[in-house]
Amino acid sequence: MEFNEEQILRYSRNIALKEIGGKGQEKLLNSSILVCGAGGLGSPVIAYLAAAGVGKIGIVDSDIIHISNLNRQIIHSMKKLEVSKVESAKMFIKNLNPDIKVDIHYERITIDNVVGIMSGYDIIIDCLDTLPLKFLMNDACVEASKPLIHAGIVALGGQTLTVIPGKTACLRCVIPDTPGCGTGPTCSQVGVLGACVGVLGSIQAAEAIKYLLGLPLNTNNLLIYDGLLTTFKNIKVIINKNCPVCSKGKMLSPEEYHITFACRD
Amino acid sequence: MINSVKKIDLRTTGCPINFVKSKLELDKLNSGDILEIWIDEGESAKNVPESLRLEGHEILELIKSENYYIVLVKKA
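Which chain is which? The protein sequence lines are A and B, in order. Residues 1 to 265 (the working numbering) make up the first sequence, in order. Residues 1001 to 1076 (the working numbering) make up the second sequence, in order.
A few of these clues could be false.
[As the list claims (entries may be wrong)] Listed below are several chain A residues computed to face chain B (Cβ distance under 7 Å; list not exhaustive):
(1) Ser12
(2) Ile15
(3) Lys18
(4) Pro176
(5) Pro179
[Unchecked claim] Simulated restraints on C-beta separations:
(6) A:Lys236 with B:Leu1054: 30 to 38 Å
(7) A:Ala51 with B:Ala1076: 26 to 34 Å
(8) B:Arg1011 with A:Leu17: 18 to 26 Å
(9) B:Val1005 with A:Ile8: 15 to 23 Å
(10) B:Val1005 with A:Leu17: 24 to 32 Å
(11) B:Ser1031 with A:Leu228: 30 to 38 Å
(12) B:Arg1011 with A:Asn113: 51 to 59 Å
(13) B:Arg1053 with A:Pro216: 19 to 27 Å
(14) B:Glu1058 with A:Ser188: 40 to 48 Å
(15) A:Pro185 with B:Leu1029: 55 to 63 Å
(16) B:Ile1063 with A:Met78: 57 to 65 Å
(17) A:Met78 with B:Arg1011: 41 to 49 Å
For the record, the hints were derived by calculation from the structure and aren't laboratory data. Small disclaimer: the values here were computed from a predicted structure and weren't measured. Every residue gets a Cβ at the ideal spot worked out from N, C-alpha and C, and that includes glycine.
Modelling step: build the complete structure from the supplied sequences, incorporating the hints.
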């Protein structure tokens, strides 16, 4: 493709990279990514994808912005209180990079809509805030054969794993059963440090961009981040032949998902 | 002098945009083709050939001409 002068300047630091170049930048501009959740993880993910020039960004979120979000959800602002996170995210992207097409889905992800929402995207990023939904997203990505960048965090630490269905271990290969509501602490219970969320969100954005460029990924490796001690641990994981989802390439039955509103926030 | 298939004048274009534009021109050529690039003396004359070399291209010649340089680069 022929870049215009503004694009050459905007993407100059991408194109200068041996790993990207003009062809890589063209790939990014012709790619699409779905970001599930426009909160703490979604904020850095959306900002970096838009800045890098990922051509189409889809955003799913059913929440509006509260002042209590602003310690970590850095794409939103005081001017957007009570506005939907998807609308606010779209405005953020348009202000940052008008090259990007933005599709917003102002709805909660459910068993019924999840596969439909992710159709039409090259890769899915899990920036959701509840464990059952994260597992639902993993299963839907396996069924739809969509690459998934998982991450989760509470307090000062969390984890991330990149899943290429059929080729690398999925989340259920590591944890076969859906954690029920109330399993583990939530951000509203124990708090969360915005800067630490940003570390994992930035890794997710980098993984997604690297996937689109065909570069090495954090697959078969659960990367554990401890923001208190500032350490990363790599836990090698392998495809589980008895994985309830990826060994069959299908989602579980609806009753096996335990999603209730008690899981929210 | 070696025959190039294309010439670009990147004088007055600073770093790293001169390198970026050289890369984008090389993208359009075939492996083995030679691109002639005109760049400013000083920082540009030092950085652009080195960056192109690090990308695997071959710098055939770096010729000083008045107050600018001519780079002849063979695409990898």
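Results for each hint:
Of the supplied interface hints, the one on A:Ser12 holds, with its beta-carbon coming within about 5 Å of a beta-carbon of chain B, less than 7 Å. At about 5 Å, the closest approach between the beta carbon of A:Ile15 and any beta carbon in chain B falls short of 7 Å, and the interface hint on this residue holds. Hint on A:Lys18 holds. Least Cβ distance to chain B is approximately 6 Å, under the 7 Å limit. Hint status for A:Pro176: violated, given a least beta-carbon distance of 46 Å to chain B, over 7 Å.
At a threshold of 7 Å, the smallest CB-CB gap from A:Pro179 to chain B is about 47 Å, leaving the interface hint violated. Between A:Lys236 and B:Leu1054 the CB atoms are about 33 Å apart, so this pair conforms to the stated range of 30 to 38 Å. Here the CB-CB span from A:Ala51 to B:Ala1076 is close to 29 Å, well matched to the stated 26 to 34 Å. At roughly 25 Å, the beta carbons of B:Arg1011 and A:Leu17 sit within the given window of 18 to 26 Å.
At roughly 21 Å, the beta-carbon separation of B:Val1005 and A:Ile8 lies within the given 15 to 23 Å, and the hint holds. Taking the beta carbon of each, B:Val1005 and A:Leu17 are about 25 Å apart, inside 24 to 32 Å as hinted. Evaluation of the 30 to 38 Å hint for B:Ser1031 and A:Leu228 yields a failure: the beta carbon distance comes to about 51 Å. A hinted range of 51 to 59 Å for the beta carbons of B:Arg1011 and A:Asn113 is consistent with their spacing of about 56 Å.
For the hinted restraint 19 to 27 Å between B:Arg1053 and A:Pro216, the CB-CB distance of approximately 24 Å keeps it satisfied. Between B:Glu1058 and A:Ser188 the C-beta distance comes to about 59 Å, which lies outside the given range of 40 to 48 Å. Checking the proposed 55 to 63 Å range against A:Pro185 and B:Leu1029 shows it holds: the Cβ atoms sit about 57 Å from each other. For the pair B:Ile1063 and A:Met78, the supplied restraint of 57 to 65 Å holds, since their beta-carbon distance comes to about 58 Å.
Between A:Met78 and B:Arg1011 the Cβ separation comes to about 47 Å, which falls inside the hinted range of 41 to 49 Å.
The structure fails hints 4, 5, 11 and 14 (numbered hints given earlier, in ascending order).
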